[in-house]
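Dock chains B, C and D against the given chain A, drawing on the hints supplied.
Protein chains in written order, with numbering that gives the first Met the number 0: chain A, 0 to 310; chain B, 0 to 310; chain C, 0 to 310; chain D, 0 to 310.
Since the hints were derived computationally from the structure, they do not count as laboratory data.
Possibly wrong hints are sitting among the right ones.
As the list makes no split between identical chains, a pair holds if one copy fits it or if it spans any two.
20 Å max Cα-Cα, derived EDC-like pairs, lysine to aspartate or glutamate [said to hold, decoys possible]:
{"no.": "1", "residue 1": "Lys274", "residue 2": "Glu302"}
{"no.": "2", "residue 1": "Lys160", "residue 2": "Asp179"}
{"no.": "3", "residue 1": "Lys160", "residue 2": "Asp191"}
{"no.": "4", "residue 1": "Lys274", "residue 2": "Glu263"}
{"no.": "5", "residue 1": "Lys160", "residue 2": "Glu183"}
{"no.": "6", "residue 1": "Lys5", "residue 2": "Asp191"}
{"no.": "7", "residue 1": "Lys5", "residue 2": "Glu34"}
{"no.": "8", "residue 1": "Lys160", "residue 2": "Glu73"}
{"no.": "9", "residue 1": "Lys5", "residue 2": "Glu16"}
{"no.": "10", "residue 1": "Lys274", "residue 2": "Glu286"}
{"no.": "11", "residue 1": "Lys160", "residue 2": "Glu171"}
{"no.": "12", "residue 1": "Lys160", "residue 2": "Asp40"}
{"no.": "13", "residue 1": "Lys5", "residue 2": "Asp128"}
{"no.": "14", "residue 1": "Lys274", "residue 2": "Glu155"}
Protein chains: 4
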Amino acid sequence: MPLTPKQQDEVAAQRNEVRQTRRATVPALEEILYEPFRVLDHGFVRVVDYMGDDAAIVQAARVSYGRGTRRVSEDQGLVNYLMRHRHTTPFEMCEIKYHVKLPIFVARQWIRHRTANVNEYSARYSILDNEFYIPMPEHLAAQTTANRQGRGATIEGEAAKRVLELLRREAERAYAGYTDLLNEDTSGTPLDPARPGLARELARMNLSLNFYTQWYWKTDLHNLMHFLLLRTDPHAQYEIRAYAEVMLGILARWVPMAHGAFLEYRMNAATISAKGLAVIRRMIAGEPVDQPSSGLSPREWRELIALLRNP
Amino acid sequence: MPLTPKQQDEVAAQRNEVRQTRRATVPALEEILYEPFRVLDHGFVRVVDYMGDDAAIVQAARVSYGRGTRRVSEDQGLVNYLMRHRHTTPFEMCEIKYHVKLPIFVARQWIRHRTANVNEYSARYSILDNEFYIPMPEHLAAQTTANRQGRGATIEGEAAKRVLELLRREAERAYAGYTDLLNEDTSGTPLDPARPGLARELARMNLSLNFYTQWYWKTDLHNLMHFLLLRTDPHAQYEIRAYAEVMLGILARWVPMAHGAFLEYRMNAATISAKGLAVIRRMIAGEPVDQPSSGLSPREWRELIALLRNP
Amino acid sequence: MPLTPKQQDEVAAQRNEVRQTRRATVPALEEILYEPFRVLDHGFVRVVDYMGDDAAIVQAARVSYGRGTRRVSEDQGLVNYLMRHRHTTPFEMCEIKYHVKLPIFVARQWIRHRTANVNEYSARYSILDNEFYIPMPEHLAAQTTANRQGRGATIEGEAAKRVLELLRREAERAYAGYTDLLNEDTSGTPLDPARPGLARELARMNLSLNFYTQWYWKTDLHNLMHFLLLRTDPHAQYEIRAYAEVMLGILARWVPMAHGAFLEYRMNAATISAKGLAVIRRMIAGEPVDQPSSGLSPREWRELIALLRNP
Amino acid sequence: MPLTPKQQDEVAAQRNEVRQTRRATVPALEEILYEPFRVLDHGFVRVVDYMGDDAAIVQAARVSYGRGTRRVSEDQGLVNYLMRHRHTTPFEMCEIKYHVKLPIFVARQWIRHRTANVNEYSARYSILDNEFYIPMPEHLAAQTTANRQGRGATIEGEAAKRVLELLRREAERAYAGYTDLLNEDTSGTPLDPARPGLARELARMNLSLNFYTQWYWKTDLHNLMHFLLLRTDPHAQYEIRAYAEVMLGILARWVPMAHGAFLEYRMNAATISAKGLAVIRRMIAGEPVDQPSSGLSPREWRELIALLRNP
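Same shape as in the complex, but just chain A (with noise of 0.2 Å):
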C-alpha cells in the first residue's frame, strides 16, 4: 500500500465527516472520495474534491435558473448534442482536483497539460520519500524497430532479470547518495554531526527519474476529457496512460452522461481524413480500392482499413 499508517487515518479522518451542503452532489463519486487508488507500484490517484455532476453540464448550456434538467432522455441527448458538436464550454463548468502520486518521468509528461491547477510537494523545501517506480515484467519493453517511438516485444528472462536488477541497484544507490548528500535522515537527524548537508534544492539532483513526486492537479471536465483522450491512447507511454485509465473508470461515477458521451464521440470515434471520407465513398458504392490509387500514404492506408476492420 503505498500510504502510511499515519496518512491512511488522515484519509479515514476526512472520509468520516460528513456535511450538509445545498450543491449538487454525486452519490458514487462521494463514496470513493479520498480514497487512494493504485496505480504502478507505487502510486495512487485519489479524488479529493469535485464540482459538479451531469446536470450542471446541461444547466450551464441553458444558463438556467434552476438545476436546468428536463427527462433523462432530454438531457443525455443534450450532453451528446454538446460533445458531437464540440460545444465544450458547459463541460468546462465542472470540476475536479486529484492527489496523485507518480514517477518523476511520468509528472514530466503530464505537467504539458497547460489547463490546469498544480500543487507538487516541494523537494527544496522537503524530502522524498525511498520510493521509486520498477516495471513489472511484462511492462519491459524492447525498443520498437517498426518506428523510432514507443515499446516492441516484451524483455524476457535473463535479460529481463538484468534490467531489473540494474534498475533497483541504481535506484538504490541514487537514494543513498542524496541521503550522503543531505547528510541527514528523514526525521531531519544529521548522519554525520560533523560535516554539513548539502541543500535540499541541489541533493535532488542526484535521484533518479523513476523516484516518485506527488501533487494536487485540479482541472475541468472538459480538460479532463482531452487530457484521458491522449493518455488513454495506445501510443501513449504505458505508465501515464495506468493512471489514464484509472481517472476513466472514476469519470464513468462521476458524470455518467458525459462519460458515455464521451467513449461515443471521442475515445471509439474515429477522425477520418478527406482522402480517407473518398476512399469510403468509393468502398460502399462497391468500387475496389488499394493504396496507390486511394491517395492515401502505406501508413494512412494502414490505419484506415485496421479502422474499417475492427470490429
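Below, chains B, C and D alone, put in the same frame as chain A:
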C-alpha cells in the same frame, strides 16, 4: 426584483434541497447559495457552486493527505505568507461559479479576463428580454477634463433629465425595432403572420449595449482576486465596480483568511517604484524632497504624496 | 473603402519601409503585409506582424540547432504526421498578429476564443466612428424553422426592404443619440457649450451591436487553426465566417504546408462516432443498414448519410 | 562550449542568411540572433525568433493603423504608464522564442509557467547526451537553518570535494546504466547484439535530475517579464536564476523601453502592505515606530526595515 416569479421558484427549489457530502463546506456561503444579489437596476450576481475553502489552500500548499490544517493562527500565517510572496498556485485550488446578469457593455469589459469559463445566454437561439440599464442620476457623470479617461462631475438638473430620457427612449425604440425584425413576441407568436421574421442572430444587432445579457462564469480563487483587484479599483468603470464590490463581500464569506490577506497585501497595499522608494528613504531621513528633486514625473509625484498622506 | 486617406497613407508608409533580418521570412505574406482585406461593408482584416513559417514547425518538432528542414516531401510528411496525430505544440511555435475592424456582435463571438492576445479600441477613451453593419440583401435570412439556431430562407422583396430600412434608420438614430449624449463631435468641439457632455464610457451604451469596433488580435498557429475550423463551419454565423474565410486564404500564403495538412486532416475531414463506424463497416460489407438498425438518432443518421454521399 | 562543431555550423549558417522584411526589426537583437549564451556548465539560451519591438507596444495600446509611435519621450511615457497601471495587454503583443538547454530539475521549475509554448527534446524518440550539471564550488550551499527553504553558507574544503565527487561519480554511473539498458550507443549500434535493448522511454528513468534536456520555449513579453520577475528574485534557486539573468540582459537589447519600465516599476519596486504603509506614514511624520507597535509580524518588520535602508 430582476427575477420573474417562475425564476424565483426555481431558485427557492434549489435552495431547499439539502444533501450530504464528504467535501469541505462553507456554511456562511451555503447560507446565500443560489440567492441573487441585486446589482444596478436589473442585474444580479449569485453563487451557484463552489469548491474548497481556506483549508483547501493550506492543504494544497502542504500537499497533504488529510485536511492539512493546524492551528488557526498557523493557517492564517501560511495564507498571509503565500499572498505576500505571490505563491499563487494554492489559491488556484479553490473554484467558484456565478450566475450573473449584466449589461452587454459591462460583459465586454468582464470577458477580457480570459482565465475563466463562460457560458453566455445565446441570442442566436433565444430572444433577449426587454431589460436595459439606465444609470441612477447620481452615476450620470460628465466626461472628465483632467484626463481622457473616466468620469468627471455629476450631471444634474435638466441636463441629467435630458440624458436619462434620451437613454430610455432610445432603448425602448431599440427593443421595438428588435421585436419588429423578429416578428414574434417572447412566446414565439408571429406579430404579422404575412411576413417572415428575421433570424435572431441578425435581429439582435439592433439592440444597444445597455441591454442585459447573462452568463455562468466560473473561475479559481487566484484569478478571482486578480479580477477583483482590477475591477474594484477607483479607475474601473462604476458599472463593473458595482459587481466587483458585491463579489468582494461574498469572498469574505467564502474564504475569510484569503480575504483578509487579500485586503492587507493586495487591495490596500501599494506598489512603490524604485524612484518612489528612494523618495521615501529621503523623507524618513528628514530630507526635504520636492517633485523636481524626486526624479518622479509630476503625476507620479502627486500619486505618491496622496498615498503617503492617505490615512 | 473602410480606411480614411490618412489611414491609407499610414499603411502605405509602413509597407514602404524594408529592413534586413536574420529571421525566417515568408515572401508571399510579406507581399500583403499591412494591407487591409475588406470584409462586410466597413470591416477589414490585415496582418500586421508574424513569426515563423512552415520550417519553424519542423524545427520545433525536431528541437534543432539550425533550420531543421530536409527535403520538401519529408517536411510535408512530418507536418502531416503532426496534424494527423494532434501533436499540436510545434504549430504553437508560429504566431500571427492581425488588425481587425468588425461589428461589435461579431467581436462578442470572436472573443470567446480565449487563447489569444487582444487590444481593443477603447470607447472609454475615444469616440467611435459612425460606422455600422447593414447586411447585403442576400444575407438577410429568416429564422429557420428546422431547428432553433441559425438562418433559414432568404428574405426578399418588400420584407427585405423593410428590414434594411429599419436597421439603417435605427443605427443612424443611435449614433445621433450618442453624439447628443457626448455633446461633442469627433474633433472634440462641444455641440452645445451650455450643457455638459456625458462621459464616453456611458454614452457608448446607446450604440447598437452592429457598430464597428477594432482590435489587434494575436494568436499562435495552432489556436488560429482551431478558430478557423469553428468559424468557417457552415453552422457559424455568416458575418464571422466572412472574416474566417479571408483569414483562411491568408493562411495558405503564410504556411502552405500547414494549410494543406489542415484542409486534409481537419477542415475536410470528419469525426465519425463509434456507432457511425459500425454502420460504415456494415455498409462496406454490403449489408443493408437503415436508421432504426443503425443505432443512430435520426439526426445523426441524416448527417452520416449526407457525409457519405457528399462528393 | 556546449555545442558540437556540427551544431555550431548550423547556427553559423542560420546567422549568415539575411533576408528582406517589412516587419519591425530590432538590430541589437538581430546581432545576437541564434547565438547561444552559455549558462551553467553545459547549458545555453539562444533567441531563435522574435516578433515586435517597443513600438509594437505603443501601436497596440493605440490600436493604430501605422507604426503609432510619436516622440521618444512620449513613447517611453506611455510604456511607463502601461507598466505602472498594469495594462498588460499591449505587452502581450510582442513574442519571443528561445532554444534552451538546461538540467531537468531546472526544466521542472521552469515549466510551471504555463502561459508559454514548449517543444521539448523527446527522450522517448531519441537518446539523451551524456551531459549533466555539476555546480561550481561557489554554488555548493548547505541547507539553510534560518528557514526551511533555500541555501545557507557555502560548503567548502573537503566537504565540498566530497559532494562534487559524489555527484559526478553517480551521474556517470547513471549514464552508464542508461547505455547498458538501451544496449546501443548514440549512433544506434547495439553494444551486445545478443540481447534486446530496453525501450528508450523506459531506459531514461535511470537518469538523474541533473542531466540536460533542451527545448524551444516561446512566450509573450508580458509573461516573459512575469517569469523574469519571479526567477531573478534572490529567493529563486540559483540555477534557474542564472538563466533568468541572461534573459534579462537580452530583454534590454530587444525592448529597451519596456526593460527600463520593468526595472523601475517591477523588479526594483516593492509592494508595501496596508500595515507597512501605515508604518511609513508614521516614520515620515517623525513618530518612533518599533515592531510591536507596527502591527507587522517580526519577519515582515525585518523585511520592511531592510527595504527602507537599502540604498
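A quick look at each hint next to the structure:
{"no.": "1", "hint": "Lys274 to Glu302", "in the structure": "both (13 Å within a copy, 19 Å between copies)"}
{"no.": "2", "hint": "Lys160 to Asp179", "in the structure": "between (28 Å within a copy, 13 Å between copies)"}
{"no.": "3", "hint": "Lys160 to Asp191", "in the structure": "between (36 Å within a copy, 16 Å between copies)"}
{"no.": "4", "hint": "Lys274 to Glu263", "in the structure": "between (23 Å within a copy, 7 Å between copies)"}
{"no.": "5", "hint": "Lys160 to Glu183", "in the structure": "between (33 Å within a copy, 18 Å between copies)"}
{"no.": "6", "hint": "Lys5 to Asp191", "in the structure": "neither (28 Å within a copy, 47 Å between copies)"}
{"no.": "7", "hint": "Lys5 to Glu34", "in the structure": "within (14 Å within a copy, 41 Å between copies)"}
{"no.": "8", "hint": "Lys160 to Glu73", "in the structure": "neither (56 Å within a copy, 40 Å between copies)"}
{"no.": "9", "hint": "Lys5 to Glu16", "in the structure": "within (17 Å within a copy, 36 Å between copies)"}
{"no.": "10", "hint": "Lys274 to Glu286", "in the structure": "within (15 Å within a copy, 23 Å between copies)"}
{"no.": "11", "hint": "Lys160 to Glu171", "in the structure": "within (16 Å within a copy, 23 Å between copies)"}
{"no.": "12", "hint": "Lys160 to Asp40", "in the structure": "within (17 Å within a copy, 36 Å between copies)"}
{"no.": "13", "hint": "Lys5 to Asp128", "in the structure": "within (15 Å within a copy, 42 Å between copies)"}
{"no.": "14", "hint": "Lys274 to Glu155", "in the structure": "neither (42 Å within a copy, 39 Å between copies)"}
Figure legend: structure checked against the earlier numbered hints; hints not met, in rising order: 6, 8 and 14.
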